[in-house]
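Using the sequences and the hints, build the whole thing.
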Amino acid sequence: MLRRMRSMLGLAEEGDQSSSAPSAASGQEAGTSASDVPRGTSAQGASTTVRGGAACCPVLLLARQPVFDASGEVWGYELLFRRPDSPECCSGDVDASVATASVIADGFAMARPALGQGQRLLVNFAVDMLLAGTPRILPADVCGVEVLETVPATEAVLLALSGLKSEGYLIVVDDYAGQPGMDALLDLADIVKIDVLGRPLAELARDVAGLRPRQCLLLAEKVEDLATHRQCEALGFALFQGFFFSRPELVHGRRLDSSQAAKMRLLATLAREDVNIKAATEVVRSDAALSYKLLRYINSVHFGLPVKVTSIQHGISLLGTRNLVQWLCVTVLSEFDTGPMARELIAVSALRAKFLELCATRALLRAGQVRAGQVEAGQAQPVPPVPQSGALFMLGLFSLLEPLLCLPLAELLRSLPLVDDLTEALTAHTGPFAPWLELMEHYERGRWDDVLSSGAAMGLSQADLAVAYAGALEWTSFFHDSRE
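Heads up: the sequence shown begins at 1 in our numbering, then just goes up one per residue.
The set of hints was computed from the structure by calculation and includes no laboratory data.
It cannot be assumed that every hint is accurate.
[Claimed, not checked] Quick list of in silico lysine to aspartate or glutamate cross-link-like pairs, EDC-like style, CA-CA up to 16 Å: (1) Lys293 with Glu335; (2) Lys263 with Glu335; (3) Lys222 with Glu335; (4) Lys222 with Glu233.
Here it is as structure tokens:
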């Protein structure tokens with residue numbers, strides 16, 4: 001059964017080094033055409049499972065949330081899915097478990113390229129999937145098997161988890177709050193997750209004290225501010241999940257040093273709507289390190305060019321102005337690197353930027369289709385305006401400047417010539433661009449109902465959102481690989 005499932009999902013068998021999971025974002029590996037993609041993965045990043053001629057197409061809504069260690073480095077990520085649990089998601093004889101397995105495999109393939117050495121991906125599995133051994137479709141050295149609080153500690157479940165643990169899978173017990181009847185599960189746990197949001201310190205201390213004799217790491221989830229992070233660290237938590245890293249302690253009165261100020265001036269140049277290819281080219285040519293990074297970027301598998309590019313001018317001509325400016329913005333931003341969490345902040349900024357840009361592109365396409373349909377039907381109803389994709393790229397890119405530099409955002413934005421609507425969205429979360437930022441924040445947190453309602457208001461379908469996020473993950477994975 002597992003062999004058949006792995007084959008259906010396009011995953012390599014153990015010991016088979018000749019095949020690997022295709023990229024769910026691009027639909028193909030280097031040198032592989034879209035028509036060669038194994039059944040089970042669509043070329044647009046939406047999971048498609050086929051069995052006996054009946055197709056099941058659960059569109060993959062995936063988000064990833066970083067998990068940090070005590071030093072502030074990224075330990076790994078949890079993958080959040082909108083699961084295809086309802087019968088209407090499937091047709092024919094394809095059940096929801098197989099559909100979910102396909103979603104998990106595709107999501108894993110999308111997120112894995114951005115992992116650093118030794119980093120893990122935590123994946124939730126329902127009880128029926130644990131009993132079926134479904135986690136084995138993913139590699140043991142990367143996958144952490146997360147056991148939800150709804151999973152009963154039956155003899156069959158414990159036996160399944162014991163087998164997985166013996167094979168090298170991390171066993172993660174979710175949402176522990178001191179509830180009784182958990183001893184057998186906790187005996188198997190490598191990591192125990194505790195939701196700390198809004199819980200009294202005394203309760204947390206009690207739960208931690210009860211777990212201290214066990215040989216497991218404690219993970220604090222929903223850590224939303226630095227004060228909570230410090231409290232959890234003092235209690236003995238080793239891992240931390242939440243958005244505390246995006247809420248800085250501002251240093252009032254501090255100024256940017258000369259190097260940072262120069263980078264802000266460069267970002268200001270790149271943020272201008274009238275930036276031209278000549279000015280951007282001179283920026284690259286005047287910096288040997290940037291020239292080297294640009295050539296490496298263009299020659300990467302991301303572009304799949306048949307020939308190597310050796311000339312800066314040739315490379316820039318292939319990129320075009322917009323792609324060059326976007327690459328420069330992310331690269332310059334990565335050079336701020338002011339602390340151990342900065343790399344993740346930059347990665348999230350780049351992901352936000354590309355996601356919003358791709359959403360805008362698809363929203364513009366949908367709006368055009370709606371207008372064409374209205375003309376054909378003799379109707380003339382207003383279609384909500386869609387911001388330019390380049391403006392939304394800048395919105396996402398600059399949305400985490402404040403935690404990156406620990407200076408008030410309003411002060412930082414004074415040196416960037418952004419349009420007023422962008423500045424208003426970034427500083428006050430109001431104005432016409434604010435809903436796009438809210439869409440991104442909902443997506444990051446896996447608030448799927450809010451994601452779908454926000455997307456619908458912008459004319460975006462679930463498939464549009466899935467394709468945009470998959471494309472953004474693929475694009476930003478290069479910056480994970482190439483950062484020095």
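Inset, instruction - Output the numbers, in ascending order, of every earlier hint that fails for this structure. - result: 3
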